[in-house]
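Number of protein chains: 2
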Amino acid sequence: MTNKKIIVIGGSATGPKAAAKARRMDEFAEITMFQKGPDLSMASCGFPYYVGGFFDDRNKLLCTPTGVVRDPKFYWNAKGIVARVNTEVTRIDRENKKVEFTNLETGETGSQEYDKLIIATGASPNMPPIPGVDLQGISTLQSMQDADYLRKVRDDGHIKKAVVIGGGLIGIETLEALHLAGIELTLVELLPQLLTFLDWKMAKLVENYLKTKANVITKNGVAEFVGENGKLTAVKLQNGTEIPCQLAVVAIGVRPNVKLAQDAGLKIGELGGIVTNEYMQTNDPDIYAAGDCCEVKNIISGKNVLAPYGDLANLQGRVIGENVIAGDIAKFPGTIQTGICKFFDYAVGITGLSEEKAKEAGFNYERVLNASPDKPGFMDGKLLITKLVVEHKTRRILGAQCLGPGDVSKQLAIWATAIKGNLTVDDMVNADLPYAPPFSLAIDHSIATAHIMENKLRGIFKGISSVDLKEKADRGDDMFILDARGADEYEQMRLGIGETLIPIGKLRERLHELPEDKNKEIITFCKISLRGYEAAVLLEAHGYTNVKILEGGIMAWPFDREK
Amino acid sequence: MTNKKIIVIGGSATGPKAAAKARRMDEFAEITMFQKGPDLSMASCGFPYYVGGFFDDRNKLLCTPTGVVRDPKFYWNAKGIVARVNTEVTRIDRENKKVEFTNLETGETGSQEYDKLIIATGASPNMPPIPGVDLQGISTLQSMQDADYLRKVRDDGHIKKAVVIGGGLIGIETLEALHLAGIELTLVELLPQLLTFLDWKMAKLVENYLKTKANVITKNGVAEFVGENGKLTAVKLQNGTEIPCQLAVVAIGVRPNVKLAQDAGLKIGELGGIVTNEYMQTNDPDIYAAGDCCEVKNIISGKNVLAPYGDLANLQGRVIGENVIAGDIAKFPGTIQTGICKFFDYAVGITGLSEEKAKEAGFNYERVLNASPDKPGFMDGKLLITKLVVEHKTRRILGAQCLGPGDVSKQLAIWATAIKGNLTVDDMVNADLPYAPPFSLAIDHSIATAHIMENKLRGIFKGISSVDLKEKADRGDDMFILDARGADEYEQMRLGIGETLIPIGKLRERLHELPEDKNKEIITFCKISLRGYEAAVLLEAHGYTNVKILEGGIMAWPFDREK
Numbered sequence: 056m057t058n059k060k061i062i063v064i065g066g067s068a069t070g071p072k073a074a075a076k077a078r079r080m081d082e083f084a085e086i087t088m089f090q091k092g093p094d095l096s097m098a099s100c101g102f103p104y105y106v107g108g109f110f111d112d113r114n115k116l117l118c119t120p121t122g123v124v125r126d127p128k129f130y131w132n133a134k135g136i137v138a139r140v141n142t143e144v145t146r147i148d149r150e151n152k153k154v155e156f157t158n159l160e161t162g163e164t165g166s167q168e169y170d171k172l173i174i175a176t177g178a179s180p181n182m183p184p185i186p187g188v189d190l191q192g193i194s195t196l197q198s199m200q201d202a203d204y205l206r207k208v209r210d211d212g213h214i215k216k217a218v219v220i221g222g223g224l225i226g227i228e229t230l231e232a233l234h235l236a237g238i239e240l241t242l243v244e245l246l247p248q249l250l251t252f253l254d255w256k257m258a259k260l261v262e263n264y265l266k267t268k269a270n271v272i273t274k275n276g277v278a279e280f281v282g283e284n285g286k287l288t289a290v291k292l293q294n295g296t297e298i299p300c301q302l303a304v305v306a307i308g309v310r311p312n313v314k315l316a317q318d319a320g321l322k323i324g325e326l327g328g329i330v331t332n333e334y335m336q337t338n339d340p341d342i343y344a345a346g347d348c349c350e351v352k353n354i355i356s357g358k359n360v361l362a363p364y365g366d367l368a369n370l371q372g373r374v375i376g377e378n379v380i381a382g383d384i385a386k387f388p389g390t391i392q393t394g395i396c397k398f399f400d401y402a403v404g405i406t407g408l409s410e411e412k413a414k415e416a417g418f419n420y421e422r423v424l425n426a427s428p429d430k431p432g433f434m435d436g437k438l439l440i441t442k443l444v445v446e447h448k449t450r451r452i453l454g455a456q457c458l459g460p461g462d463v464s465k466q467l468a469i470w471a472t473a474i475k476g477n478l479t480v481d482d483m484v485n486a487d488l489p490y491a492p493p494f495s496l497a498i499d500h501s502i503a504t505a506h507i508m509e510n511k512l513r514g515i516f517k518g519i520s521s522v523d524l525k526e527k528a529d530r531g532d533d534m535f536i537l538d539a540r541g542a543d544e545y546e547q548m549r550l551g552i553g554e555t556l557i558p559i560g561k562l563r564e565r566l567h568e569l570p571e572d573k574n575k576e577i578i579t580f581c582k583i584s585l586r587g588y589e590a591a592v593l594l595e596a597h598g599y600t601n602v603k604i605l606e607g608g609i610m611a612w613p614f615d616r617e618k
Numbered sequence: 056m057t058n059k060k061i062i063v064i065g066g067s068a069t070g071p072k073a074a075a076k077a078r079r080m081d082e083f084a085e086i087t088m089f090q091k092g093p094d095l096s097m098a099s100c101g102f103p104y105y106v107g108g109f110f111d112d113r114n115k116l117l118c119t120p121t122g123v124v125r126d127p128k129f130y131w132n133a134k135g136i137v138a139r140v141n142t143e144v145t146r147i148d149r150e151n152k153k154v155e156f157t158n159l160e161t162g163e164t165g166s167q168e169y170d171k172l173i174i175a176t177g178a179s180p181n182m183p184p185i186p187g188v189d190l191q192g193i194s195t196l197q198s199m200q201d202a203d204y205l206r207k208v209r210d211d212g213h214i215k216k217a218v219v220i221g222g223g224l225i226g227i228e229t230l231e232a233l234h235l236a237g238i239e240l241t242l243v244e245l246l247p248q249l250l251t252f253l254d255w256k257m258a259k260l261v262e263n264y265l266k267t268k269a270n271v272i273t274k275n276g277v278a279e280f281v282g283e284n285g286k287l288t289a290v291k292l293q294n295g296t297e298i299p300c301q302l303a304v305v306a307i308g309v310r311p312n313v314k315l316a317q318d319a320g321l322k323i324g325e326l327g328g329i330v331t332n333e334y335m336q337t338n339d340p341d342i343y344a345a346g347d348c349c350e351v352k353n354i355i356s357g358k359n360v361l362a363p364y365g366d367l368a369n370l371q372g373r374v375i376g377e378n379v380i381a382g383d384i385a386k387f388p389g390t391i392q393t394g395i396c397k398f399f400d401y402a403v404g405i406t407g408l409s410e411e412k413a414k415e416a417g418f419n420y421e422r423v424l425n426a427s428p429d430k431p432g433f434m435d436g437k438l439l440i441t442k443l444v445v446e447h448k449t450r451r452i453l454g455a456q457c458l459g460p461g462d463v464s465k466q467l468a469i470w471a472t473a474i475k476g477n478l479t480v481d482d483m484v485n486a487d488l489p490y491a492p493p494f495s496l497a498i499d500h501s502i503a504t505a506h507i508m509e510n511k512l513r514g515i516f517k518g519i520s521s522v523d524l525k526e527k528a529d530r531g532d533d534m535f536i537l538d539a540r541g542a543d544e545y546e547q548m549r550l551g552i553g554e555t556l557i558p559i560g561k562l563r564e565r566l567h568e569l570p571e572d573k574n575k576e577i578i579t580f581c582k583i584s585l586r587g588y589e590a591a592v593l594l595e596a597h598g599y600t601n602v603k604i605l606e607g608g609i610m611a612w613p614f615d616r617e618k
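Just so you know, the protein sequences line up as chains A and B, in that order.
Position one of the first sequence corresponds to residue 56 (the numbering used here), numbered consecutively onward.
Position one of the second sequence corresponds to residue 56 (the numbering used here), numbered consecutively onward.
Keep in mind the hints are simulated off the structure, nothing from the lab.
Ideal placement from N, C-alpha and C gives every residue a C-beta, glycine not left out.
Keep in mind that a hint or two might mislead.
Here are a few chain B residues that sit away from chain A, every Cβ distance over 10 Å (derived from the structure) [as the list claims (entries may be wrong)]:
#1 Glu82
#2 Gly187
#3 Lys216
#4 Pro247
#5 Glu279
#6 Leu370
#7 Asp462
#8 Gly476
#9 Asp499
#10 Glu526
Only some residues are given here: those of chain B computed to face chain A with a beta carbon under 8 Å [said to hold, decoys possible]:
#11 Thr121
#12 Ile272
#13 Gly276
#14 Ala278
#15 Glu589
In silico negatives: residues of chain A with every beta carbon more than 10 Å from chain B [claimed, not checked]:
#16 Glu82
#17 Asn132
#18 Asp203
#19 Lys216
#20 Thr273
#21 Asn338
#22 Leu370
#23 Gly382
#24 Lys397
#25 Asn419
#26 Ile498
#27 Gly514
#28 Asp532
#29 Asn574
#30 Val592
Between the sequences and the hints, there should be enough to build the whole structure, so can you do that?
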């Protein structure tokens, strides 16, 4: 028996993972990994933190945990894998089962046979098709070279003003990185909201926080890069505004690198990614593909999506590593598009479907908002705002969004695992999670969120979203808005939409101050709407028929407040 | 219709939660809560952190999140609940559906009728039946009074030496608290290990870390408290050792307070707790009970256990609050005994069954250990050591233990949710968790743990535990132990059990240094045994038939190491 020949195209995340797993599955397979660029196994998700100065040693992006740089020598010695860097695969010859390649340094060309081929060509950043894109001072943050360039910007300290174009994950991470470099920043987003995978309100809360750090412009695209002597001097927006700057970083998404696959006649999906089955196999059974160059199934909606996330790339690589050696034994189940993003002292993320996505997918859903701390006040607990979306009929969790200075990562991990397990609200209502004051409240924020949802599904918590309330207030609807907090809290901060303050502790004795008409619409709230909820049930008990609670209270109010 | 009369006995966690939920379910119910002590809704899990100086304002243990002390006035004004403090319920008269009580301050007695009664009498700390227990300087950490006393010890600064008796959760939390007060400490545990809900090795790793902070003695009980002039001067152990000290804190577990229930003829279980059904109802359908005074079902083993945890107390209280008003609509599913404990810069915890418990319960299980960081090195990732236990046949998760300076809380939350969802290893192998470098590795520690387990179940990862390897080494078994790390790592730290260093990168060219006998037992390892794993598969590929990997590598080695 001859040794199995495996070729991997791509040396970033999926490729090295597939190659290493294949090696562990078969010591004698001949494994070659082609990488167009000079570096291998770059921790590209770490670029913003290198640029932002969280660490200074560039090699940490390229090293094993014990500090060995993952270069071709390492791959050969430690893994028995031939890694050919600066070498571009130019063609896949399916008929003869070989690839053709060019060494980009020497110009040499060659070809090599495969038994199994793995395509992990990743994605490339989009650039806007506008004048001036070739000016000096315009970058992305996608490659080691980008990271080196932007880190040099930090270290040099010459650039004072920059524009980040695109309010997605990378845009926001880049914004933080450059802000930490002392640069005055403007973030420009073409759409009406940042982080479009979130619902509008959650994204608005992110935007509100970012505005304390940078100038944020939405609903306005970039029309032109303006320059002098080949250097960027300003970004001109579609509404004519010019923002003077010496640097612009473009982060308007990526597109799958599928040319090789397409030229070879492999199936490309509607979204522009390579299509695979659950074994990560293309329509050619000897060719596998994974990572950012592929489409992947959303487990909840059943639809294909583009999900260029580093964790999926690695997991898919492992699946391929098993399958190319052992036959198709491992399946990749798909994604629930879990994502998280740090921004300064906050984090924000999502798992599963947003309300918008649930609506699009035709689910009959319920949603709630919970604004409450992650830990007790005496342990310096920090705010979390969670939006939970649940299917009405089955009560199963469809999705959760979470943001705040609190422990967002744990919340999302809980919900992601709950979705994986097809758990319902009822399962989460009495979940048994690790509790001690340094880590959570006695009733964890996730469980409290499930409690509110249970109450809402049961009809004893009738919520109104801040967006709906703001609309009603702006329209001048006839309603009574009851703030159930204390007078001191009211003095510090209030909505300013005509609310009346009656602290919950006084409500029973001051019921006469409520409208005489028991059918009048009443909205109750407090800081996080727990007292608001108590006020609402109290009023309903006293005959009021149209009482709603402002979900998430003042803490989740995305609009301007008084004071 | 007359208003429903509800009496709650106990004002700590379960009681107030049940009362408040009942109020939200029924504005007109007459709700009275009896509390033997002066305080209500004490955050008793927070006592160690008050004693340890994490915060200084005692009222934070008694306040709402907005700073209102939860005293009888608060309960009446905000919740419409009559809270009678310093008032002991002395008898439950089931026939006449009333309770008799005594005001402990005035001596007044009285009785009050109920439609529904809620018993939430909690638990009392055990005291050892030995001489000297009445000496001044002996305390527990169970009540506000205990917390006040020990906080005063901190503030006064007179006490230099103390002994903590009992190596459970409270004992270890107390140890940290008193250590932070600058006191020299000895921890005494009767059993061969601390934290008996963990498997021996995990507990040993905790013990090893605690020994860097305090003197730790296991397998030795306390025989006598020695004193002079009524004051503690030493703790005498069963082996005769006397430990001089001015303070001893006893933390050897709690026993359910069931006298009231027992006297009323309610059913008490074999473990000494009140027995309820899943509605938290005792054998008297008008009497409910929950919290530390009750037994609760372990969902995995199906057996009743005592699980005196604050989170369960609150969740059960909520279930009762619903049921006493709306009829039996809410069920409490039981516990998987999730627990977590901070100790200095580390945390440790468990969810589900330990290996010992799985064995006891008759499961055919597999277990693995994963020692690896929670985040990338460049984001200052910290070590986590996870032990995962899985049922062999069904591959479902039975339990997980985790410890380390890394994010233990998130790991346990993931596994607890996975157990709730009856998830298998295969579900977790491609879980879609929130990934970004500030929060996790691209392949989260929990997923990596599932990967190792999958490999082990498939027979391609053959592990040996450190305990077994140590035994073999001590016995002088004929084996070849291969350290696959780098020479620099070897210089810094090594096991010192006769291992041979061959770095993984040199192994292919140095195969001739391995034993000629291909059937000889070979043990491979590295820092965390990933390179150890690679070495093992490499050796097997070259015909070695008896290769095992030291699980968890050097990082999870619980015994003395060289250097």
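Results for each hint:
A beta-carbon of chain A is positioned within 10 Å of the beta-carbon of B/Glu82; the least distance is around 3 Å. With a minimum CB-CB distance of about 32 Å to chain A, B/Gly187 clears the 10 Å threshold, and the non-interface call stands. At roughly 26 Å, the least C-beta separation between B/Lys216 and chain A is larger than 10 Å, which holds for a residue marked as non-interface. Its beta-carbon lying about 25 Å from the closest one in chain A, B/Pro247 satisfies the requirement of being farther than 10 Å from that chain.
For B/Glu279, the non-interface assignment is confirmed: its Cβ lies about 33 Å from the closest Cβ of chain A, beyond the 10 Å cut-off. The Cβ of B/Leu370 does not lie farther than 10 Å from every Cβ of chain A; its closest approach is about 5 Å, which violates its non-interface assignment. Its beta-carbon lying about 8 Å from the closest one in chain A, B/Asp462 breaks the requirement of being farther than 10 Å from that chain. The Cβ of B/Gly476 sits about 2 Å from the closest Cβ of chain A, inside the 10 Å cut-off, so the non-interface label is violated.
Not every CB of chain A is more than 10 Å from the CB of B/Asp499 (nearest about 7 Å), against its label as outside the interface. Consistency note on B/Glu526: stated as away from chain A, and its beta-carbon is indeed over 10 Å from all of that chain's, at 28 Å minimum. Because the beta carbon of B/Thr121 sits about 6 Å from the nearest beta carbon in chain A, less than 8 Å, this interface hint is met. Checking B/Ile272 against chain A: minimum C-beta separation of about 25 Å lies over 8 Å; hint violated.
Below 8 Å, beta-carbon pairs count as interface contacts, and B/Gly276 has none with chain A, the closest being about 27 Å; its hint is therefore violated. At a threshold of 8 Å, the smallest CB-CB gap from B/Ala278 to chain A is about 32 Å, leaving the interface hint violated. With 8 Å as the threshold, the beta carbon of B/Glu589 comes within range of chain A, its nearest partner Cβ sitting at about 6 Å, so the hint holds. Against chain B, the non-interface label of A/Glu82 is violated: not every CB pair exceeds 10 Å, the least being about 3 Å.
With a minimum CB-CB distance of about 4 Å to chain B, A/Asn132 fails to clear the 10 Å threshold, and the non-interface call is violated. Non-interface status of A/Asp203 relative to chain B is upheld: no Cβ of that chain comes within 10 Å, the nearest being about 15 Å off. Under the 10 Å C-beta cut-off, the non-interface status given to A/Lys216 relative to chain B holds; the minimum distance is some 26 Å. At roughly 23 Å from the closest C-beta of chain B, the C-beta of A/Thr273 stays outside 10 Å, upholding its exclusion from the interface.
Look at A/Asn338: its CB is around 22 Å from the nearest CB on chain B, clear of 10 Å, so calling it non-interface holds up. For A/Leu370, the condition that its CB be more than 10 Å from all CB atoms of chain B is violated, with the nearest at approximately 5 Å. Non-interface call for A/Gly382 relative to chain B: holds, since the shortest CB-CB distance, roughly 14 Å, exceeds 10 Å. Not every C-beta of chain B lies more than 10 Å from that of A/Lys397, the closest at about 4 Å, which undercuts listing it as non-interface.
Once the 10 Å rule is applied to beta carbons, A/Asn419 is consistent with being away from chain B; the minimum gap is 23 Å. Residue-level check failed: A/Ile498 sits 5 Å from the nearest beta carbon of chain B, not beyond 10 Å. Under the 10 Å C-beta cut-off, the non-interface status given to A/Gly514 relative to chain B holds; the minimum distance is some 12 Å. Every CB of chain B lies more than 10 Å from the CB of A/Asp532, the least distance being 27 Å, so the non-interface label holds.
In this structure A/Asn574 is separated from chain B by more than 10 Å, as the shortest Cβ-Cβ distance comes to about 19 Å. Listed as outside the interface, A/Val592 is inconsistent with that label: its C-beta sits roughly 5 Å from the nearest C-beta of chain B, within the 10 Å cut-off.
Going through the hint list in order, the structure does not satisfy hints 1, 6, 7, 8, 9, 12, 13, 14, 16, 17, 22, 24, 26 and 30.
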